[in-house]
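Here are the chains, one letter per residue:
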Amino acid sequence: MIYMTHLHFKDGFGILYRFPRRGDGLPMHTHATEEEHDVTCTRGLIRVIIKDGRTRDLFPGEWVGDLDLVNTHHEVIALEDNSSCLNILTHGRPLSYVALPANELDRSYEPGPITTPLESI
Amino acid sequence: MYLDDERIRIRRQLPERFRGPVRKHQRRIRRIRCTGILLGATGAFTPVISIRTVSGTETSRAGATTCAYELWGSGAGGGGTTGSGCAITAGGGGAGGGKTTGTPFAVTLKGGLTWTVTIGAVGAAGIAGGANGGNSVASSVNSGTMTGWNNISVPIAAGGVTGGAPGGAGAAPTNTNAGAVNTAGNAGSGINGGASIAGTITGDNQGTAVYGRGGGGHNAAGVGDGQPGVVGGAVFSYV
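Chains as they are written, first to last, in the working numbering: chain A, 1 to 121; chain B, 1001 to 1239.
Bound conformation, chain A alone (with noise of 0.2 Å):
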């Protein structure tokens, strides 16, 4: 079980996702282009992983925003208990949210499985 957080700071839109346990993840997924966002660290510790094999391992306070996040595959896997990492979506909050009922903003979830198996990390 994770649980994301949708916030908002003017004209500003992340989610945050925290992740109890070592292992926790966002599965393999791309996006559209309003949904596209960078990664940062909040706590904890953060592997981006890349469908073609890039990785990046994120400290507290580091991001990454170079990945071309809208294009191509990625995930997310937590490499300790209690990480979290704040989502920053690029073009602000995308319209099709505006809609979206109060129990999507602010929500725990299981997600889908993590296509990186966890021995390898």
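Worth flagging that the hints you see were computed from the coordinates, not collected in a lab. Be a bit skeptical, because a hint or two may be false.
Said to hold, decoys possible - When the alpha-carbon atoms are kept at most 20 Å apart in a straight line, the in silico SDA-like pairs for lysine to any residue are as follows: (1) A:Lys10 to A:Val98; (2) A:Lys51 to A:Pro113; (3) A:Lys51 to B:Gly1222; (4) B:Lys1024 to B:Ala1068; (5) B:Lys1024 to B:Arg1007; (6) A:Lys51 to B:Ala1221; (7) B:Lys1024 to B:Arg1009; (8) A:Lys51 to B:Thr1089; (9) A:Lys10 to A:His37.
On a predicted model such as this, the values are computed, not experimentally measured, just so you know.
Fit chain B to the known structure of chain A by using the hints.
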């Protein structure tokens, strides 16, 4: 030709999706006429095709001998996404409408008798954030004053699920007239809506589905609504 009771004089008056199928039908009629001339036939009835995409009363044409018919159910809606950001799950595609047809129905001396045609509403699009696609409503052709006709119907198509499964295949249509061929609607496939079923009168599915296709679910690349289903239809071809 008539579309929802409006007289169509040239193909360009039709919505583009009908033009290909109608052209095919016109060629068929031309072949029938040529054959009649070669055989020395003197019949005065001009073949008529009537397409209905809204409910109404269909009146049998005086002078016709047979009426080929097909009835399609309307498509269901596709599901919206659930989640947001990096946690978006696609909506399932809506199921397509079923189809029924049969041996051309004898209408000699039945000019002016009527059928009551009901074209069910399409399934609504599922809205992002947790809404399933809507089911479509059943369609039917029932005898109004028409004699010798057994009522026919095509059941609902199931909507795609939000953030999940496509709509399943529909139940078989009901048709006990001679030579009935009942085809259940196609299930959605992943985020794709169920495919429309090909027609035999109008040469359906010539590159694009014409009647009763299911609406697609929204993909997982972004938050979004599914698509509504495509309306079904009834076609009557009098010869």
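Query - Hints breached by this structure - result: Checked against the structure, no hint fails, so every one of them is satisfied.
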